[in-house]
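Undergrad: Chains as they are written, first to last, in my numbering: chain W, 910 to 1018; chain A, 99 to 219.
One should not assume that every hint holds.
SDA-like mimics (lysine to any residue), calculated; alpha carbons at most 20 angstroms apart, straight line [what the hints assert, rightly or not]:
{"id": "1", "chain 1": "W", "residue 1": "K1010", "chain 2": "A", "residue 2": "M143"}
{"id": "2", "chain 1": "W", "residue 1": "K968", "chain 2": "A", "residue 2": "F165"}
{"id": "3", "chain 1": "A", "residue 1": "K153", "chain 2": "A", "residue 2": "F165"}
{"id": "4", "chain 1": "A", "residue 1": "K139", "chain 2": "W", "residue 2": "Y931"}
{"id": "5", "chain 1": "W", "residue 1": "K1010", "chain 2": "A", "residue 2": "P138"}
{"id": "6", "chain 1": "W", "residue 1": "K945", "chain 2": "W", "residue 2": "V922"}
{"id": "7", "chain 1": "W", "residue 1": "K1010", "chain 2": "A", "residue 2": "F189"}
{"id": "8", "chain 1": "W", "residue 1": "K979", "chain 2": "A", "residue 2": "K139"}
{"id": "9", "chain 1": "A", "residue 1": "K139", "chain 2": "W", "residue 2": "L1015"}
{"id": "10", "chain 1": "A", "residue 1": "K139", "chain 2": "W", "residue 2": "Y919"}
{"id": "11", "chain 1": "W", "residue 1": "K945", "chain 2": "A", "residue 2": "F165"}
{"id": "12", "chain 1": "A", "residue 1": "K139", "chain 2": "W", "residue 2": "S935"}
{"id": "13", "chain 1": "W", "residue 1": "K1010", "chain 2": "W", "residue 2": "G925"}
{"id": "14", "chain 1": "W", "residue 1": "K945", "chain 2": "A", "residue 2": "K153"}
{"id": "15", "chain 1": "W", "residue 1": "K1010", "chain 2": "A", "residue 2": "F165"}
{"id": "16", "chain 1": "W", "residue 1": "K1010", "chain 2": "A", "residue 2": "K153"}
{"id": "17", "chain 1": "A", "residue 1": "K139", "chain 2": "W", "residue 2": "T986"}
Calculated directly from the structure, the hints in this document are not laboratory data.
The model shown is predicted, which means the values in this text are computed figures rather than measured ones.
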Amino acid sequence: GQQVMQIPQYQHVQEGEDFTTYCNSSTTLSNIQWYKQRPGGHPVFLIQLVKSGEVKKQKRLTFQFGEAKKNSSLHITATQTTDVGTYFCAGNSGYALNFGKGTSLLVTP
Amino acid sequence: GAVVSQHPSWVICKSGTSVKIECRSLDFQATTMFWYRQFPKQSLMLMATSNEGSKATYEQGVEKDKFLINHASLTLSTLTVTSAHPEDSSFYICSARTRVGTGVLANQPQHFGDGTRLSIL
């Protein structure tokens, strides 16, 4: 079945540094979604990428979908303490989402 | 919009007890709801897909007699953990999906409830 790998598992940065998490699927995806889960909270939908090579931005967050629609990345520029949390990518298998293991981001001031 | 309410938030009960968790879509109709299980610092593991008016589809390795799912209406799905044991202790999260515009349903984002922390003593 479809597997979604996500790296790194953890990332610890100083406030102001950049951060990137990568997502790789074993199969071609119809779309990929990104979610953020704050400690003790539930996942919150951030964005969805559908088109090959698509790039979307939300303020300091840049999301990319690979040309082959098998990989994706989330890049945060100049991290802030409010960016702390676990970022999950989720590949769509047609009816359900397959979540990556997530990347836990810790930002120290 | 797209608010999902999950109740209860916390459950602590004795081994052998059955526990029911409710998932409601408050401001939209959810033809499909999903139930996930999440262990500490782990990813979300899909347990089952709940479709209104039909039987739930369980993922491989999930016991359907252990985790009973009922999706009786377009706004409510319930998960009942029957005869719970300590190994069933976990964080259970539901999500709901609805159609936005004319897009493919499978592409629609999921909206998550706050989750239920279940502790079996």
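Undergrad: Each hint: holds or not?
TA: Evaluated hints:
1. K1010/W <-> M143/A: holds (9 angstroms)
2. K968/W <-> F165/A: Outside the cut-off at roughly 41 angstroms; violated.
3. K153/A <-> F165/A: Roughly 13 angstroms separates the two Cα atoms, so the pair holds.
4. K139/A <-> Y931/W: Cα-Cα ~18 angstroms, so holds.
5. K1010/W <-> P138/A: Holds - the C-alpha atoms of P138/A and K1010/W are around 12 angstroms apart, at most 20 angstroms.
6. K945/W <-> V922/W: holds (17 angstroms)
7. K1010/W <-> F189/A: holds (15 angstroms)
8. K979/W <-> K139/A: violated (25 angstroms)
9. K139/A <-> L1015/W: holds (13 angstroms)
10. K139/A <-> Y919/W: Roughly 10 angstroms between the alpha carbons, so the hint for K139/A and Y919/W holds.
11. K945/W <-> F165/A: Since the Cα atoms of K945/W and F165/A sit roughly 27 angstroms apart, the hinted pair is violated (cutoff 20 angstroms).
12. K139/A <-> S935/W: violated (23 angstroms)
13. K1010/W <-> G925/W: violated (25 angstroms)
14. K945/W <-> K153/A: Violated, at roughly 30 angstroms.
15. K1010/W <-> F165/A: violated (23 angstroms)
16. K1010/W <-> K153/A: Answer violated: K1010/W to K153/A is near 28 angstroms, above 20 angstroms.
17. K139/A <-> T986/W: violated (24 angstroms)
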